[in-house]
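J.: Residue numbers (my numbering), protein chains in the order written: chain A, 1 to 421; chain B, 1 to 163.
Note that these hints are calculated values from the structure, not bench results.
Among the hints, a few may not be true.
Partial list, computed: chain A residues near chain B (C-beta under 7 Å) [unchecked claim]: (1) Val192; (2) Arg342; (3) Ala354; (4) Leu357; (5) Gly366.
Glycine included, each C-beta is placed from N, C-alpha and C at the ideal position.
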Amino acid sequence: MSEPSTEPISYDALVQDERVHASLYTDPRIFADEMDRLFFRGWVFIGHESEIPLPGDFVTRPIGTQPVIMARAMDGQVSVMVNRCAHRGTMVCSEARGNTRTFACPYHGWTYDLTGELLGVPYPTAYDGRLDKKTKSLGCAARVGSYRGFVFACLGPTSVTLEQHLGVATGLIDRACDLSPEGEVQLTAGWVKHRCSSNWKMLPENDLDGYHLGFVHMALFKSVRTQYNRFTGDEKSVKGVVRDWGNGHTEIDWSPAYDGPFEWFGTAASDVVGRYVAALQARDGAAVMARRVFEGPPHALIFPNLFLGEMNIAVVEPVGVEESVHWHTPMFLKGVPEFDRRLLRQSEAAMGPASFLLPDDLTITGRNQIGLHSRRTEWLELSRGVHREHVDAEGRRVSHLTDETTNRGFYRQYRKLMTGA
Amino acid sequence: MISESEHRAVVDFLYREARLADEGRYAEWEALWTDDGVYWVPASTDPAADPDRHLSHVYDNRSRIATRVKLLQSGYRPSQDPPSSMRRLVSNIEVRKAEGSELIAESNFLLAELAVQAKHEMHVWAGRATHRLRWVDGALRMCRKTVVLINAAEPLPNLSFLI
Chain A
1 MSEPSTEPIS YDALVQDERV HASLYTDPRI FADEMDRLFF RGWVFIGHES EIPLPGDFVT
61 RPIGTQPVIM ARAMDGQVSV MVNRCAHRGT MVCSEARGNT RTFACPYHGW TYDLTGELLG
121 VPYPTAYDGR LDKKTKSLGC AARVGSYRGF VFACLGPTSV TLEQHLGVAT GLIDRACDLS
181 PEGEVQLTAG WVKHRCSSNW KMLPENDLDG YHLGFVHMAL FKSVRTQYNR FTGDEKSVKG
241 VVRDWGNGHT EIDWSPAYDG PFEWFGTAAS DVVGRYVAAL QARDGAAVMA RRVFEGPPHA
301 LIFPNLFLGE MNIAVVEPVG VEESVHWHTP MFLKGVPEFD RRLLRQSEAA MGPASFLLPD
361 DLTITGRNQI GLHSRRTEWL ELSRGVHREH VDAEGRRVSH LTDETTNRGF YRQYRKLMTG
421 A
Chain B
1 MISESEHRAV VDFLYREARL ADEGRYAEWE ALWTDDGVYW VPASTDPAAD PDRHLSHVYD
61 NRSRIATRVK LLQSGYRPSQ DPPSSMRRLV SNIEVRKAEG SELIAESNFL LAELAVQAKH
121 EMHVWAGRAT HRLRWVDGAL RMCRKTVVLI NAAEPLPNLS FLI
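Construct the complete structure from the given sequences, taking the supplied hints into account.
T.: Pasting the structure below:
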């Protein structure tokens with residue numbers, strides 16, 4: 001065994017415009033830096049307000065490698081706090097979800113309210129009045145913000161607001177929410193968690209890669225007709241585009257290749273769809289309605305861990321430098337519960353360990369992880385299509401569906417945050 | 001009560017189904033299904049799990065069972081090409097009559113899988129299976145198979161083989 005290197009890590013050297021270094025996927029020191037700079041000091045997606053609709057509702061989940069609670073207090077406000085007792089570090093709440101008035105630590109009974117404030121400790125006289133309850137809360141996130149029900153937090157101190165972090169990429173979240181006649185999506189079906197033996201960055205990179213479809217997913221395209229088959233022909237006939245919305249938020253837009261409305265949904269003719277279209281039209285007018293049902297939902301990454309996967313919402317959980325978990329749930333549209341069953345079945349077909357797409361992706365990322373241990377070849381290419389990108393009127397970089405514009409956008413933001421620039 | 005011979009037939013069916021799945025004999029496995037077959041692997045161990053409201057790992061109708069098999073047969077699925085090496089034990093079998101002539105068999109299973117597609121990881125899968133069986137032309141067929149993994153709600157590695 002060689003001694004671990006103590007040289008400082010230069011992210012400017014490791015993350016270049018058209019290539020990135022393999023150690024980003026294999027070096028535990030870099031993983032530790034990421035957990036600090038991206039998942040502690042940076043804005044990350046935590047959960048959705050529809051998961052905790054009532055006062056007292058809570059969910060627990062890992063954010064980066066930290067256990068976190070998201071709860072709705074009695075006044076309706078959403079709190080995000082670390083699931084760690086201020087006394088001895090015990091994970092206070094072990095349930096995945098529930099409803100409560102208080103969180104009581106099982107070790108010595110320290111009890112907290114739904115905002116994380118310490119309510120009381122047993123046998124308090126032993127502290128002789130020196131225990132300041134205000135400083136012994138469950139560590140609350142430095143900032144919490146919500147955009148159309150999507151809750152984001154920055155656990156550590158930051159000068160960046162959620163508005164600054166999201167930038168114009170709110171348009172991607174809008175594209176999802178505006179498909180609901182009530183303007184809201186609901187994540188109430190529960191999460192499926194898919195484990196893979198690769199670095200977490202492989203997951204968003206693959207989710208936003210339009211180049212692999214015809215190779216990794218050939219079995220599906222050969223077996224059944226899907227809305228993705230049209231993206232596997234010869235290069236010139238592939239009409240989708242990729243976009244970099246800035247701040248690491250990136251998109252694959254399939255809709256330029258669609259021939260008609262609802263191709264993303266697989267059906268356009270039923271009484272339910274008729275009522276749905278009428279409800280959208282009543283709200284938005286005929287032209288906007290027609291655009292919405294033609295374009296469908298976004299396929300986009302909200303940096304670093306939220307994937308708007310068309311009618312699925314997915315979250316990337318880093319576990320260790322070579323292990324990660326891909327969470328997903330279907331995106332129900334409030335106001336059309338009649339779509340839910342279809343969306344459940346589509347979600348099961350697309351994502352999760354037993355689905356028809358993701359197991360193949362995660363096999364490939366697992367193979368990437370093995371290959372990246374090569375010392376002879378140290379770099380990963382990221383140059384595809386760099387000569388043919390252009391900047392559109394909204395300031396977004398746009399290119400051919402198969403180009404690496406998305407992942408160059410990811411790494412621009414990555415380098416910025418990792419270098420503290 | 002069910003007869004000794006009927007009990008024996010059910011046990012034979014469960015062993016055969018397990019072996020066909022283990023050995024990747026996809027067409028023979030698919031032929032064990034009735035035309036109205038439903039294959040369900042819930043994503044939680046909660047008995048109240050409802051496939052119409054909650055996300056499942058698998059909730060296949062007969063047509064999707066056929067698609068699942070087609071993908072495995074295509075030879076182009078990186079997650080099962082080459083196929084995992086597998087053996088499962090089926091045990092604690094309890095059989096009872098359902099309405100009509102159908103039978104319900106509950107059993108525990110323990111499955112060792114060597115996932116050879118990337119890092120050659122050994123995975124252990126365990127849970128309880130419920131088979132709903134029907135006599136069709138003198139042979140047992142399954143019309144419903146439900147597999148509740150003990151770790152259904154935990155992060156799972158690839159499950160693209162037949163469980």
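J.: Do the numbers back the hint for Arg342(A), that is, is its least Cβ distance to chain B under 7 Å?
T.: Given a least distance of 11 Å, the restraint on Arg342(A) is violated.
J.: Double-check Gly366(A) for me: the hint is only fine if its C-beta lies closer than 7 Å to a C-beta in chain B.
T.: OK, holds: Gly366(A) within 7 Å of chain B, min 3 Å.
J.: Taking the least C-beta to C-beta distance, is Val192(A) closer than 7 Å to chain B?
T.: 5 Å, holds
J.: Go through the hint on Ala354(A) and say holds or violated, using the shortest Cβ distance to chain B against 7 Å.
T.: With a closest approach of 4 Å, the Ala354(A) hint holds.
J.: Would the hint on Leu357(A) stand, with a C-beta cut-off of 7 Å toward chain B?
T.: 10 Å, violated
Hints 2 and 4 from the list above are not met by this structure, while the remaining hints are.
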